[in-house]
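For the protein sequence lines, the chains are E and V, in the order given. According to the working numbering, the stretch in the first sequence is residues 1 to 924, in order. According to the working numbering, the stretch in the second sequence is residues 1001 to 1150, in order.
Derived from the structure by calculation, the hints contain no laboratory data. Check each hint, because a few of them may be wrong.
Stated by the list, open to error - Here chain E is said to cover these stretches of chain V; the calculated rule only asks that three of the stretch's residues, wherever they fall, bring their Cβ under 8 Å from a Cβ of chain E: (1) 1018–1025; (2) 1029–1043; (3) 1066–1080; (4) 1110–1117.
The model shown is predicted, which means the values in this text are computed figures rather than measured ones. Yeah, the Cβ is synthetic: ideal placement off N, Cα and C, and Gly gets one too.
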Amino acid sequence: MADATHADPDHAHADTAHAGLSLVACALWIALPASVLAAVLWLATHGPLPVAVSRDWVPALGVSFAFRIDGLSLMMLLLISGIGVAVFSYAGAYMAGDPKQVRLYGLLTAFMLAMAGAVTADDVILLFLFWEATSILSFLLVGLKHDKPEARKSAQQALLVTGTGGLALLAGLLILVQQFGTTQLSAIVAGMADSGPTPLSNAALLLIFVGCFTKSAQFPFHFWLPNAMAAPTPVSAYLHSATMVKLGVFLLARFDAGAGEWPLWTMLLQAVGSITAAWGMTLALSERDLKRILAWSTVATLGTLVVLVGLPGPEASLAVGSLLLAHALYKAPLFFVAGNVDHGAGTRIIDNLGNLRRSMPLTAVAAALAGLSMAGLPLSFGYVVKVVTYEAKAVEGVLTWVPLANQIFTALAVAVAGTAAIRLFWWNPGGVEAPAAHECSWGMVLPPLVVAGAGLVLGFYPGIVTELLLGVAGAMETTRPGVVALPTPAEQLNPADIWGTVGATLLAGGFILYFWDFLHRVLMRPFAVVARMGARAFFDASLAALPRIAARVTRGLQHGNGPRYMMLAVVATLAALAAVLPRALADVALPVWEAPSAGLATGVAMIVAGAVAVLLLRDRFVLILAAGLVGYGSAVVFLFLGAPDVAFTQFVVETVFVIIAAAVLIALRGGGKAQVHADRSMPVALLLAGALASAVTALLVAVIARPFDPVLSDYFGSVSVPEAFGRNVVNVILVDFRAVDTLGEITVIALSFMAALPLLQRLMASTADIATQAGGRRVVMLDVVAGPLYRVILIASIVVYFRGHNEPGGGFIGGLLAVTATILWAIAHGSRAAEARLPFGNALVLTAAGFGLGAAAGLPAWLYGLPYMTHLWATIPLGITDLKVSTVYLFDLGVYLAVWGGLGGYVLHLLGRMRQDDREGSVT
Amino acid sequence: MTWTLVAAIWATLFAGITLLLSRDLLRAILGSMILGSAVNLMIFAAGRVGPSGPAIVPYGTQALAEGSANPLPQALVLTAIVIGLALACFAFVLIQGIVTATGTADSTRLRIAEPLPDHPYYPPHPGPDDGGPSPAATEAARPVAAEAPR
Chain E
1 MADATHADPD HAHADTAHAG LSLVACALWI ALPASVLAAV LWLATHGPLP
51 VAVSRDWVPA LGVSFAFRID GLSLMMLLLI SGIGVAVFSY AGAYMAGDPK
101 QVRLYGLLTA FMLAMAGAVT ADDVILLFLF WEATSILSFL LVGLKHDKPE
151 ARKSAQQALL VTGTGGLALL AGLLILVQQF GTTQLSAIVA GMADSGPTPL
201 SNAALLLIFV GCFTKSAQFP FHFWLPNAMA APTPVSAYLH SATMVKLGVF
251 LLARFDAGAG EWPLWTMLLQ AVGSITAAWG MTLALSERDL KRILAWSTVA
301 TLGTLVVLVG LPGPEASLAV GSLLLAHALY KAPLFFVAGN VDHGAGTRII
351 DNLGNLRRSM PLTAVAAALA GLSMAGLPLS FGYVVKVVTY EAKAVEGVLT
401 WVPLANQIFT ALAVAVAGTA AIRLFWWNPG GVEAPAAHEC SWGMVLPPLV
451 VAGAGLVLGF YPGIVTELLL GVAGAMETTR PGVVALPTPA EQLNPADIWG
501 TVGATLLAGG FILYFWDFLH RVLMRPFAVV ARMGARAFFD ASLAALPRIA
551 ARVTRGLQHG NGPRYMMLAV VATLAALAAV LPRALADVAL PVWEAPSAGL
601 ATGVAMIVAG AVAVLLLRDR FVLILAAGLV GYGSAVVFLF LGAPDVAFTQ
651 FVVETVFVII AAAVLIALRG GGKAQVHADR SMPVALLLAG ALASAVTALL
701 VAVIARPFDP VLSDYFGSVS VPEAFGRNVV NVILVDFRAV DTLGEITVIA
751 LSFMAALPLL QRLMASTADI ATQAGGRRVV MLDVVAGPLY RVILIASIVV
801 YFRGHNEPGG GFIGGLLAVT ATILWAIAHG SRAAEARLPF GNALVLTAAG
851 FGLGAAAGLP AWLYGLPYMT HLWATIPLGI TDLKVSTVYL FDLGVYLAVW
901 GGLGGYVLHL LGRMRQDDRE GSVT
Chain V
1001 MTWTLVAAIW ATLFAGITLL LSRDLLRAIL GSMILGSAVN LMIFAAGRVG
1051 PSGPAIVPYG TQALAEGSAN PLPQALVLTA IVIGLALACF AFVLIQGIVT
1101 ATGTADSTRL RIAEPLPDHP YYPPHPGPDD GGPSPAATEA ARPVAAEAPR
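Isolated chain E (complex conformation):
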């Protein structure tokens, strides 16, 4: 990160006061949120809302850079920029001299922009990106002190919980995009209001709930927020109190206008929110760290916000806006206070703190101001919220336990406020005082004072924010509510209320505050029991189980056992075939039985005999011969079914194959290295093979049973002579109509040989030159015959190549015949000698030349403006007869040479190996 490089040189001077940023640099950083705040305030007072801008981003997917600012966005922007100014100012003093200060400022700024984007995005994909950006920045900010394991663990936990929720959110949003055909958020919300609940949109809603609940630390995902308190105070105050954790509430509020009346919405939000509010606040009693106590109260407040979003009616929407604002105005200062206490007294553990008013008077004032609002005392904005919330819950459709949960919440809120404002500064039940406590610098005192003071001002003049709150309510309802009167100071001091509801809550809160330590001790044991089966324990267990499950899955699939991989492939193919076979075989007319010709019957008998033999035989030599029998049988079948070219090819290939396989086998046996025990999985293999063979055969029968479409075959049969001047249609297809395909095929042969060559040479490196040492075991007869036979075979192969265009034959068969000639020479005189007899004296060069010739034969067509590989013909008169010449012959010659070089090269190397072992006499 760029910031880190800035900070690094300062690292050595971390203990000096000048290691951090100068005052001017801090001011520049603060100018950012301040200017945003100014813009937001201008918009709040001038601009007609909503404001919308849009630019195409990924038009193909309908994703755009669309932003829309309405009343709800404005409120969030106000919190982001307003609290932002306070946090940035506080960070200047809090992190003074810390080399991580620049990193903190950079991350906070990025976070602020991501937040601003998230609350104004009007495109769900864009919203999701900003949403995830806040999660990632939160991870980096919680882990700011990354040298501490605790910070790393908390950061990881926060990221995993919010990141998992983010994925659920994405799924939910995508369902909505599918359903409403747009990525525009405002259009989706409007569509939801029109369509009403459907199973699909309810499913989407549940997924979105998971995203919002994780982000806003709702039960059962509440546990990550207090752990995130490992972050520095400015981060806690900004992310984990005022802004990021409110993002979930914000998104719920965003959908309130669309789904606010749906049963799922009201029931689930009220239930989850109430549990979070009551249980989160109770968990504050389990803590001794002031910051964690405040964190739990934040969790509880978020729960209350979720309840309010879930309540029907405009009053509830009004309450959401007020509580959003009020909470930011008192909780951020309280976090600042916690930071000051930590800074000034050296600890945040409440047992070791007391009577801090003497040493930290200004912080005490700030705590008192914020505490007033948090406790909801009259003449604070917290009281206004209390009144509005009370009205919101007076409507129909409120779950019975919501008021009860709210009672617990408010009473404990008073106690938490008292802990922060009274116990620390005016009281000392623990009896221990921090001796060296001192007040903090102005930079750390002013932000909480100003923000908490603002909460008090709003208590006196709630009218200031009426318009803002109505804007929030307007965004959350389909129709904007009319004018609403927030309670004036005079109304707030109504004696009946003070001695009634307010008094009762205060009394309960005071009681809890007084017996805080006692309750803590009593409740520790039940807390511990719940913790063992709570969500946190589940999270930890999942985290521990993850690598084990991953390992099990990976090892189940990547077991390194070849036959089992193959079985998986067979089973998968079987499953795929099983899905299509019933339809493929439905109402087909099966071909009728005809007795085969004698030739065909012979071929099939050879194939079946070979197939049975390979299954029964164990000796590998015989096995190879049996496999060869299958090939020879195929050749016979081809011969008697009108395919002489294919038959000849197969005959030669099978012969070359048996020779090569035998050569390899001799080499392996020479080392005595290939002993394999009998397969225990043979019955399973037979079963699977039988099933797959039957399925594939059935598919083939289904194909054959359908009417034959002869259009292509007839086309090639009828244009072969008039257009390509060749009578052997098979050869014409190969070298003319489909010449580019054939070029690709000789490329495969060439590449196969080139790829094998390094390995071949390495295998040969251990063996000496065959040709010079092979003398000992020469077969004299072969020596005598080899010379003439070599020439005869080569001449035959050239004839076959030449006549291929009109008679059976061609480059492939000719090349294969040439390979047999090379085999003959290699057996008679050794591989080295055989290779020397090749054109160019080198198999690799021959292969490359063949490929090059084939590729070049297509080029002349370009001279005539024809497509590549269009063959050209010319007639050269010779008096008696005409000689027809064509690029076709060049191309087919290329095929001939490539086959000769590529396959011949293999043969030379492998035979060389065989003769080496042969000469050493290791074959018995």
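Add chain V to chain E, keeping to what the hints say.
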């Protein structure tokens, strides 16, 4: 005619797949070659069998005569046979290399690339032979046991 050919195809497929499922690399390669023969026969059969005259236009005429075999599958199969040989050669060279290097053709005993696990969930050590870090280096790169969950 068709059914006779189909029977041969079934037998070839059966033998090929069975060999392919074998632990012995040589058998597996033979299996894939036999399977290749089966596929060639299938392509041939899918082009329909019946007329058994070669696909050659008789002199004096301009188009294939009635009773000529379908030339298209022949062209496909012809190149497939030659390429099949090239690939079989390649596979044989690989097997020879494997056996020379490891001393076995039993695919279940080839463990260089996929060694057996030696830890409940961390991946096994790559062997020093195949360019991986030494076992000691891998061990050092792992999180210490105390930090690993349970």
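We went through each hint and held it up to the structure:
1. Counting residues of the region 1018–1025 of chain V whose beta carbon lies closer than 8 Å to any beta carbon of chain E gives 8, which reaches the threshold of three, so the coverage claim holds.
2. Look at the region 1029–1043 of chain V against chain E: 7 of its residues bring a Cβ nearer than 8 Å to a Cβ of that chain, three or more, so the hint holds.
3. Counting residues of the region 1066–1080 of chain V whose C-beta sits closer than 8 Å to any C-beta of chain E gives 10, which meets the bar of three, so the coverage hint holds.
4. For the region 1110–1117 of chain V, the stated coverage by chain E holds: 7 residues have a C-beta nearer than 8 Å to a C-beta of that chain, and at least 3 were required.
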